[in-house]
Amino acid sequence: MKNNSVKLLASLIALAIAPFGQAAGVSDDVVKIGVLTDMSGVYADVGGRGAVYAAQMAVKDFGGKVNGKRVEVIFDDHKNDVDTSLAIAKRWFEKDRTKVDMVVELMNSQVATAVSKYAAEQKRIAIKTGAATSALTNEECTRYTLDWVYDSYAISHGTLKELLADGIKTYTIMVTDYGDKTDKAFSKDIFFAADMVRKKGGKIFFPPIKVPASSTDFTPYLLKAQEQGANGIIFAQAGGDFVNAVKQAREFGLFTETQEPIGLVVFDSDIKALGLDMAQGMKFTTGFYWDRDNETREWSKKFYAQMKKMPTSSQAGVYSAVLHYLKAVQAAGGDTSDDVMAKMKATRVNDFFAKDGYVREDGRMVHDMYLVEVKKPGESKGEAAWDLLKIKRTLKGDNVFKPLSQSNCPLVKK
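The opening position of the sequence shown corresponds to residue 293 in the working numbering, with each subsequent residue numbered one higher.
A portion of the hints provided could be inaccurate.
[Unchecked claim] Cβ pair distances, simulated, as ranges:
{"no.": "1", "residue 1": "697", "residue 2": "509", "range": "36 to 46 Å"}
{"no.": "2", "residue 1": "371", "residue 2": "504", "range": "52 to 62 Å"}
{"no.": "3", "residue 1": "669", "residue 2": "589", "range": "15 to 25 Å"}
{"no.": "4", "residue 1": "511", "residue 2": "461", "range": "46 to 56 Å"}
{"no.": "5", "residue 1": "518", "residue 2": "371", "range": "30 to 40 Å"}
{"no.": "6", "residue 1": "480", "residue 2": "690", "range": "18 to 28 Å"}
{"no.": "7", "residue 1": "476", "residue 2": "648", "range": "29 to 39 Å"}
{"no.": "8", "residue 1": "543", "residue 2": "637", "range": "43 to 53 Å"}
{"no.": "9", "residue 1": "498", "residue 2": "668", "range": "30 to 40 Å"}
Don't read these hints as lab results, they were simulated from the structure. Only a predicted model underlies this, so the values are computations on that prediction, with no experimental measurement involved. For every residue, glycine included, the Cβ atom is placed at its ideal position computed from N, Cα and C.
Assemble the whole structure, with the sequences as input and the hints as a guide.
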């Protein structure tokens, strides 16, 4: 009788203290994910509704619930404007009845930097998949920010290191001039890439040829590039600026056997917009291509069935990031950001997007990248089939992303 009384008392004590000794559980009885992207501007095809659908696919594939609680995806258009994006984030994190736990995509470098900083202040997780800036794993890093797909260091160093090895020794750079809105981290990474080229015996004409944003006539800039006579012309532009620059360069007769086109911030949607006639032969580095293997093809065809276009690397990255986040919430037993982030960093990323990827202490998700080349029309099964690229080689993640020892992130222990 005494033993039973002792056991009963112990059980009551355990029940009483359980809520304090276990994970906090899911706040608001819902895990809420916000896709903050460009829905109507120059990057809408890169992120946009495709990014939203990718997040919804991840939630559906996970089962729609985590730890018995519903998972909800909401979205909004940041219109490539910092003030607009911060107003949305403020509503999501502070004002809505059920608050957003994680924000993802963040196309546009200025938007990504501003929102991730604000998210950290609110102790919410922010995952960048679309913007190029490398600042989020350097001086702008936070303990709540992750960078999932690519950054300006990887696409500049990764591409040029490989092309130097292939014998392309001299380069001209055309870069969009956004004035005071120019991403300083992107500019810095191009400078470091140029320094790397010089140290390896190559040459980059410096300073870059600056082209005002939203230009319609590239003639004076293309003439300057032609005069420099470099083996490779690097288009350090994005969206419509990139498409228009490459199109006019091709029409200008700039691409020859001795003068190759090279891209930096390039997505499948850009190549589709250009067409193979215009884009053929262009080389660039990407974190994902839909036709890489059976797994990527299987997922991409499901995406295509709804969106009627193949996914970009940013859209595929949204799926991967959301899925990894939900697994971490499940493992943590709740959606408290510190607990979830610890699980995300402790667990390898294994899905169709990344194999044995891992999250470093600076927030960089390290995974393989791919040097690709745009197919010639005769090599393709057709643009309607999205048969656009051929993978030249795989670039190991540890070699293509900025070494942790060089990171300027204050969270990195050195």
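Hints, one by one, checked against the model:
Remark: the range hint 36 to 46 Å for residue 697 to residue 509 is upheld by a beta-carbon distance near 44 Å. Checked against the given bound of 52 to 62 Å, the beta carbons of residue 371 and residue 504, roughly 21 Å apart, lie outside it. A hinted range of 15 to 25 Å for the beta carbons of residue 669 and residue 589 is consistent with their spacing of about 22 Å. Our hint of 46 to 56 Å for residue 511 and residue 461 is violated, since their Cβ atoms are close to 27 Å apart.
In this structure, residue 518 and residue 371 meet the distance hint of 30 to 40 Å, their C-beta atoms being roughly 36 Å apart. Evaluation of the 18 to 28 Å hint for residue 480 and residue 690 yields a pass: the beta carbon distance comes to about 21 Å. Between residue 476 and residue 648 the CB atoms are about 32 Å apart, so this pair conforms to the stated range of 29 to 39 Å. Our hint of 43 to 53 Å for residue 543 and residue 637 holds, since their Cβ atoms are close to 48 Å apart.
At roughly 32 Å, the beta-carbon separation of residue 498 and residue 668 lies within the given 30 to 40 Å, and the hint holds.
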